[in-house]
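Engineer: Numbering (our numbering), first residue to last: 1454 to 1777.
To be clear, the hints were calculated from the coordinates, so they are not data collected in a lab.
One or more hints might be untrue.
Stated by the list, open to error - Within a straight-line C-alpha distance of at most 16 Å, the following computed EDC-like cross-link-like pairs (lysine to aspartate or glutamate) qualify:
no., residue 1, residue 2
1, LYS1647, GLU1613
2, LYS1776, ASP1496
3, LYS1494, GLU1613
4, LYS1682, GLU1750
5, LYS1673, ASP1764
6, LYS1655, GLU1742
7, LYS1580, ASP1729
8, LYS1553, ASP1540
9, LYS1768, GLU1613
10, LYS1673, ASP1733
11, LYS1665, GLU1742
12, LYS1553, GLU1589
13, LYS1665, ASP1733
14, LYS1655, ASP1600
15, LYS1655, ASP1479
16, LYS1661, GLU1613
17, LYS1543, GLU1509
18, LYS1673, GLU1750
19, LYS1661, ASP1740
20, LYS1757, GLU1686
21, LYS1580, ASP1540
22, LYS1562, ASP1600
23, LYS1665, ASP1740
24, LYS1673, GLU1639
25, LYS1622, ASP1764
26, LYS1481, ASP1455
27, LYS1638, ASP1729
28, LYS1773, ASP1600
29, LYS1543, ASP1496
30, LYS1622, GLU1688
To be verified - Derived Cβ-Cβ restraints for the label pairs, each shown as a range:
no., residue 1, residue 2, range
31, GLY1761, GLU1525, 41 to 49 Å
32, ASN1513, PHE1694, 51 to 59 Å
33, ALA1753, PHE1708, 29 to 37 Å
34, HIS1478, ASP1733, 23 to 31 Å
35, TRP1700, LEU1536, 41 to 49 Å
Since the structure is predicted, the reported quantities are computational estimates derived from the model, not experimental observations.
C-beta atoms are modelled at their ideal positions from N, C-alpha and C, and glycine is treated no differently.
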Amino acid sequence: MDKYILVTGANGYLGKYICTYALQHDLKVIAFSFPHWASVKIDHPNIQYLDVDISESVLNNSQVQNLLSSVEIAGIINAAALLGSSDIEKNRAVNATGVKHMIELAEQKGVKKFVQISSVVVMKEIKGPYGITKLEGQNILTQSSLDYTVFIPAMILGPESLGINRVLKNVFRIPLFVPLIGSGKETQHPIFVKDFAEYIVKAVLSEKANRKIYQIASNKVISFKGLIKMILEIEKKKKIFVSIPVWFAKMLGGFFQATQKVPVFTAEHVKGILQDSNLDTALLRKDLEFKPTPLAEALAFTLKEINGQWDYFLKPRNEKIVKL
1454 MDKYILVTGA NGYLGKYICT YALQHDLKVI AFSFPHWASV KIDHPNIQYL
1504 DVDISESVLN NSQVQNLLSS VEIAGIINAA ALLGSSDIEK NRAVNATGVK
1554 HMIELAEQKG VKKFVQISSV VVMKEIKGPY GITKLEGQNI LTQSSLDYTV
1604 FIPAMILGPE SLGINRVLKN VFRIPLFVPL IGSGKETQHP IFVKDFAEYI
1654 VKAVLSEKAN RKIYQIASNK VISFKGLIKM ILEIEKKKKI FVSIPVWFAK
1704 MLGGFFQATQ KVPVFTAEHV KGILQDSNLD TALLRKDLEF KPTPLAEALA
1754 FTLKEINGQW DYFLKPRNEK IVKL
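Generate the whole structure from the sequences, applying the supplied hints.
Structural biologist: Put into structure tokens, the structure is as follows:
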């Protein structure tokens, strides 16, 4: 019987990189996809896609059962998440109940390994609906009997990242000036998306990663203002920083969230920016010999790939098929 890994959110931003890394290393993939405003699927003989809504129980999904009846699942990677919604129940349906449904599937199919993609917001004092429900999902998994691995990342840095493209739009849309929420002293600790995908797949295959929670980030903690300065330096631009009151930024974020399908930023993003991100990767280095791409190198690659087209990555677009 063929052995596969199962990836949820497989046609999303991080999911695409996870599937790509797995396929490039001769692993076979069952890919749960879901309608996505920037869907990407891979054309490769060793990946099979199936549209699955994990907010609903998959135990009685005949398509899932038929597909999984002839394969062995070595591990599940849950990269599915609801983003950009202020409705806590909609968030909970995917970010918490969805985890429960995938655990039930793992138990039904005898799959012991389960990798959960969490978020740095679960560690922060102030949480919005996304952070609250991501923590609920994480706790559901860690209270199970599965050989779980949980990854806690901060900003995921890559060409398709909403986070970095929102920053770029903010930095470059106004000539001469960069609007900065508050002082910009709060720290960021991004992780390069290619590194993240690599260690997610490695965790599936490593017993050392069983029942562990890993924080994952780059080699450098940097202030938000420092990140913008690094961007300007790479792009060989000079600008003046103008401080924007926090209350006004939150109001704008709420307006964008209510009126835009892919908000420029939301009130929850403002809350996140105003809280430090400083992750400890020591355990990941010890168990899986984690060696991140230097932040300057990862950022330079990302900016080169975006090539000034941040608006493209912030707008809904037709599904893309990539041949691998």
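Engineer: Now look at each hint and say whether the structure bears it out.
Structural biologist: Status of the hints after comparison with the structure:
no.	hint	verdict
1	LYS1647 with GLU1613	holds (12 Å)
2	LYS1776 with ASP1496	holds (5 Å)
3	LYS1494 with GLU1613	holds (14 Å)
4	LYS1682 with GLU1750	holds (15 Å)
5	LYS1673 with ASP1764	violated (27 Å)
6	LYS1655 with GLU1742	holds (10 Å)
7	LYS1580 with ASP1729	holds (13 Å)
8	LYS1553 with ASP1540	violated (19 Å)
9	LYS1768 with GLU1613	holds (11 Å)
10	LYS1673 with ASP1733	holds (11 Å)
11	LYS1665 with GLU1742	holds (15 Å)
12	LYS1553 with GLU1589	holds (10 Å)
13	LYS1665 with ASP1733	holds (14 Å)
14	LYS1655 with ASP1600	holds (14 Å)
15	LYS1655 with ASP1479	holds (13 Å)
16	LYS1661 with GLU1613	violated (31 Å)
17	LYS1543 with GLU1509	holds (12 Å)
18	LYS1673 with GLU1750	holds (11 Å)
19	LYS1661 with ASP1740	holds (6 Å)
20	LYS1757 with GLU1686	holds (13 Å)
21	LYS1580 with ASP1540	holds (13 Å)
22	LYS1562 with ASP1600	holds (14 Å)
23	LYS1665 with ASP1740	holds (10 Å)
24	LYS1673 with GLU1639	holds (14 Å)
25	LYS1622 with ASP1764	holds (7 Å)
26	LYS1481 with ASP1455	holds (8 Å)
27	LYS1638 with ASP1729	holds (9 Å)
28	LYS1773 with ASP1600	violated (34 Å)
29	LYS1543 with ASP1496	violated (31 Å)
30	LYS1622 with GLU1688	holds (14 Å)
31	GLY1761 with GLU1525: 41 to 49 Å	holds (46 Å)
32	ASN1513 with PHE1694: 51 to 59 Å	holds (55 Å)
33	ALA1753 with PHE1708: 29 to 37 Å	holds (33 Å)
34	HIS1478 with ASP1733: 23 to 31 Å	holds (27 Å)
35	TRP1700 with LEU1536: 41 to 49 Å	violated (24 Å)
The structure shown violates the earlier hints numbered 5, 8, 16, 28, 29 and 35.
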